[in-house]
Structures are given as C-alpha cells and as structure tokens.
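Required output: the full structure, derived from the provided sequences and hints.
Below are the chains, spelled out letter by letter.
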Amino acid sequence: MLLREVGYVRPGSVAEALAALAADDGARALAGGQTLVNVMKARAGSPDVLVDLNGIDALKGIELGGDGTLEIGAMTTYSEIVASSEARARPILGEVCAQIADVQVRNRGTIGGNVCTNDPTNHLPPLLAAIGAEFTIQGADGSRTVSAADFFLGVYFTAVGPGELLTSVRIPAGRSDGFAAVTLGVDGTCIASAAASLNGHVRVALGCVDAVPVVLEPAAADADAVRAAVQGASLDPPSDVHASAAYRVHLAEVLAVRAVQQAQGSA
Amino acid sequence: MNISVTINGTTCERDVEPRKLLIHFVRDDLDLTGSHIGCDTGNCGACSMIVNGQLVKSCMMLAVQADEAAIETVEGLSDDDELTKLQQAFKDNHALQCGYCTPGMLMSATALLRANPHPTEDEIRKGLQGNICRCTGYWNIFEAVKAAAE
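Chains A and B are the protein sequences, given in the same order.
For the first sequence, the numbering used here assigns the number 1 to the initial residue and increments by one for each residue that follows.
For the second sequence, the numbering used here assigns the number 1001 to the initial residue and increments by one for each residue that follows.
Some clues are possibly wrong.
[What the hints assert, rightly or not] Pair ranges (Cβ atoms, derived):
#1 A:A211 to B:D1080: 53 to 61 Å
#2 A:E217 to B:E1013: 57 to 65 Å
#3 A:E5 to B:E1075: 24 to 32 Å
#4 A:A23 to B:D1031: 33 to 41 Å
#5 B:L1083 to A:A83: 27 to 35 Å
[To be verified] Covered stretches of chain A (in silico footprint by chain B; criterion: 3 or more residues with CB under 8 Å from a CB of chain B, positions within the stretch not fixed):
#6 27-38
#7 41-55
[To be verified] Calculated cross-link-like contacts (lysine-lysine; reagent style DSS-like; alpha-carbon spacing at most 30 Å):
#8 B:K1091 to B:K1126
#9 B:K1091 to B:K1146
#10 A:K60 to A:K41
#11 B:K1020 to A:K60
#12 B:K1085 to B:K1126
#13 A:K41 to B:K1020
#14 B:K1126 to A:K60
#15 B:K1085 to B:K1146
#16 B:K1126 to B:K1146
#17 B:K1126 to A:K41
These aren't lab readings, by the way, just hints derived from the structure by calculation.
Predicted model only: the values in this text are computed from it and were never measured.
No residue lacks a Cβ here, since even glycine has one placed at the ideal position from N, Cα and C.
Here it is, written out as structure tokens:
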C-alpha cells in the first residue's frame, strides 16, 4: 500500500525528538510501527511528519534497581523484554510479551508503542495497571511520572500530550502475577483479558471491557471474592463480530479468576 | 531521502520517498521480487526479511528506516545455484504447493534455526507463527524445518 505523503525525521536524542514534535502540529512519534503503519495504510491516521524514535538509544534498555524496580525504556521491544535477564525480576512481563502476535511483530513492537496506542485489546495496558507501573512523560517543560490510572485516559488516548513523549515505564518489584486472555487464535488480539497481582494486596485489571483498563481490588484472592468484584464493577464493553458485550462481561469474570489463580501459583 | 542499504551483501544507494514501505523498495526499486506481498497488513508474513539480524515484516516498516541496514531476503539464502539445506528440505518434504508464502517461511525458518539450531516442534510452531500458508496445512513445513535442523 502506498501511504499518503509524509515527512520523516530520525532524531538522535529525546531533546531533538521533542523539538521535532513541537515544530509541526501534524508530527507524530513513530515507535515500532506495528500499529501506526497499518493505521496510515488504512488512512485512519495521516501524520504530516513521522518522528522516528528508533535512533534514540536513551529510550532503549532495561535497568534493574537494587530494590527490584525495573526501569524500561519506552523503545524497548517485546523481544528484548522476553530475552532480558533483568526483566525476569518481574516474570509476568516476559511471559505476556511472548504472547503478543508473532516473532516479527515482537522484534519491532515496543512497550511504549503498546501503551501509548492504548488500544483496549492490547495486552500491556491491563497488565501494567495491575502490577502498579508508572509512566514517565517528557515534554518541553520537563518530565513527570504518572500512575496507570492517570496514564490511560481513553481509547487511543493517554496522558502523553501533543509535543510530549513517553520515555520510560517503571515497574515495582513483585512476583505473584497472572495474566489470562481469550484471543483471536493463539497469541492473537485479545477479545477479553485480565491481569492480576497479589503483591501486598489483590489487584485485578480487566482489558477489552472499557476504554481503559478497569482496576478492581477484590476483598480476597478466592474465586468467589474475585467474581463478586467483577460483578460489582461498572463495565462498558463493546459488542462486535468477535463477542457480544454480555459475553465479554462473562469472560471478564472467568479470566479474572484465572489470572488470580496463576498469580497464586507463581507466589 | 537518500538511503544506503546492504542487501544480500550488495550495497545499494537510492533516493526514496519516506512513505515507501520497505517491501516496495526491495521489490520495485531493487528488483528483488522474491519477497511477496500477501496481506499488506502485517498478518501473513509473506514479506518477511531479516534486517540487521532480526526477522521483520517488511510491509510494516518504511524503507527509510532501513537506511544503513543489512537486509537479507530469500534471494540471498544461497550464494550459488545450490539450494540451502533448508530449501532442499522444503523441496524434499513437499513443504510448498503454490509457493506464495515460501519466501517468508524460509526467512522465518532461517531466523529460527540461527537462534535455535535444534528447535522442538513447539518452538518451530512458535517461530513460524507470523507466517500464514493456505495450501499445506503447515505439517510439511514443520517437517521440512525439522529435517533441516537434523
């Protein structure tokens, strides 16, 4: 497919990228491109300038702090997370990244692109909401760090504003996590998903049932308490060719229990 | 934009528009038509190439992003008129029928066997997950990769 005409810059630093984004209202950051290139083919989006972040080394890599906190550069690919010994400090990360699409997509797609797209069917928004990730956003006026609740704002919409970049994702220490999804084929797009974390307290995040991950804190980790929490939640799932809204609500309950059970097993 | 790529060992410089996808650059500008366009949506894997050692779908990348990169396509697998062990195994195991997916399958299997010379059946399936074949039902392709790994 021939794309619409588009400008292209490949900055070598975050400062250059921010300047390029600020210079043109129609500029858009290009991360792994595994969503954006298709969006451009479909003419669902038509940036005037692509600011390719692939040349910025400062946005790549995984650091493990002394307290077990992971700091993951926004341009780190799924394959890099799967292969990283540091990332095994929070094993669920590599496990879920290995379930995204296929080898080729995992080699290009990035953690930053995944969360900044905030497609409700993506794997990482509910996972990162469940495990208490924080997101560092840099703009012309400096940087700020926000929680998942303040990061995911709507479908395809996050706290990263015009002229800003997500630079890194910080993930606290923990091991007792789970993730369950019903997908279109093995490792395909999620029809419904749930992530769970039992590090300190029970936290479940549901995907595909609202514009943003729905975070619940069941009173206990037993199946009845988890089901009750999902039943008591206000969900707004879409109906489409893959599942009705009612079926997605049903799946949310089942998957929440499965995710919690996996988290219990990995304790 | 002027870009320079090394494709199957040969360095080429071309002027390309930023909107040109890597697959179109390789097929139309470099006349290497072995890599196929199947779905053009990143699902089928027929356009798979190895860029700087990594397997990618070349319809999901811009040509300008490959500036200074080393690209491998199906044309570069064998450096003479002989088939590689993997290509011979595809032939021996009837791992292709119409052949449309074959260049992508060969590149994915090549990347897999480089990283993991003796993959299990599950690892072969996972390694070829990004490539769709509508003729063979995959079985003979798995058999071919297994044979090439022996």
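To see whether the hints hold, each was checked on the structure:
1. Distance hint check for A211 (chain A) and D1080 (chain B): the Cβ-Cβ separation is about 57 Å, which falls inside the suggested range of 53 to 61 Å.
2. With their beta carbons about 58 Å apart, E217 (chain A) and E1013 (chain B) fall inside the hinted range of 57 to 65 Å.
3. Taking 24 to 32 Å as the suggested C-beta distance range, the pair E5 (chain A) and E1075 (chain B) conforms, at roughly 30 Å.
4. Between A23 (chain A) and D1031 (chain B) the Cβ separation comes to about 37 Å, which falls inside the hinted range of 33 to 41 Å.
5. Checked against the hint of 27 to 35 Å, the pair L1083 (chain B) and A83 (chain A) passes, with Cβ atoms roughly 31 Å apart.
6. Coverage of the stretch 27-38 of chain A by chain B holds [criterion: at least 3 residues with CB-CB distance below 8 Å; count 4].
7. Residues of the stretch 41-55 of chain A lying with their CB closer than 8 Å to a CB of chain B number 4, which satisfies the three-residue condition for coverage.
8. Our distance criterion of 30 Å between C-alpha atoms is met by K1091 (chain B) and K1126 (chain B), whose separation comes to about 22 Å.
9. Distance check on the hinted pair: K1091 (chain B) and K1146 (chain B) sit about 13 Å apart at the alpha-carbon level, within 30 Å; holds.
10. At most 30 Å may separate the alpha-carbon atoms for a hinted pair to count; K60 (chain A) and K41 (chain A) meet this at roughly 27 Å.
11. For a cut-off of 30 Å, the pair hint linking K1020 (chain B) to K60 (chain A) stands: about 26 Å separates their Cα positions.
12. Of the pairs offered as hints, the one joining K1085 (chain B) and K1126 (chain B) holds, with about 21 Å between alpha carbons and a cut-off of 30 Å not exceeded.
13. At most 30 Å may separate the alpha-carbon atoms for a hinted pair to count; K41 (chain A) and K1020 (chain B) meet this at roughly 11 Å.
14. Using a Cα cut-off of 30 Å, the hinted pair K1126 (chain B) and K60 (chain A) holds, with the two alpha carbons roughly 25 Å apart.
15. For the proposed pair K1085 (chain B) and K1146 (chain B), the alpha carbon gap of about 11 Å is at most 30 Å, so the pair holds.
16. Of the supplied pair hints, the one linking K1126 (chain B) and K1146 (chain B) holds, its CA atoms being roughly 13 Å apart against a limit of 30 Å.
17. Restraint check: the Cα-Cα separation between K1126 (chain B) and K41 (chain A) comes to about 27 Å, which is no more than 30 Å; the hinted pair holds.
Against the hints set out earlier in the document, no violation occurs for any number.
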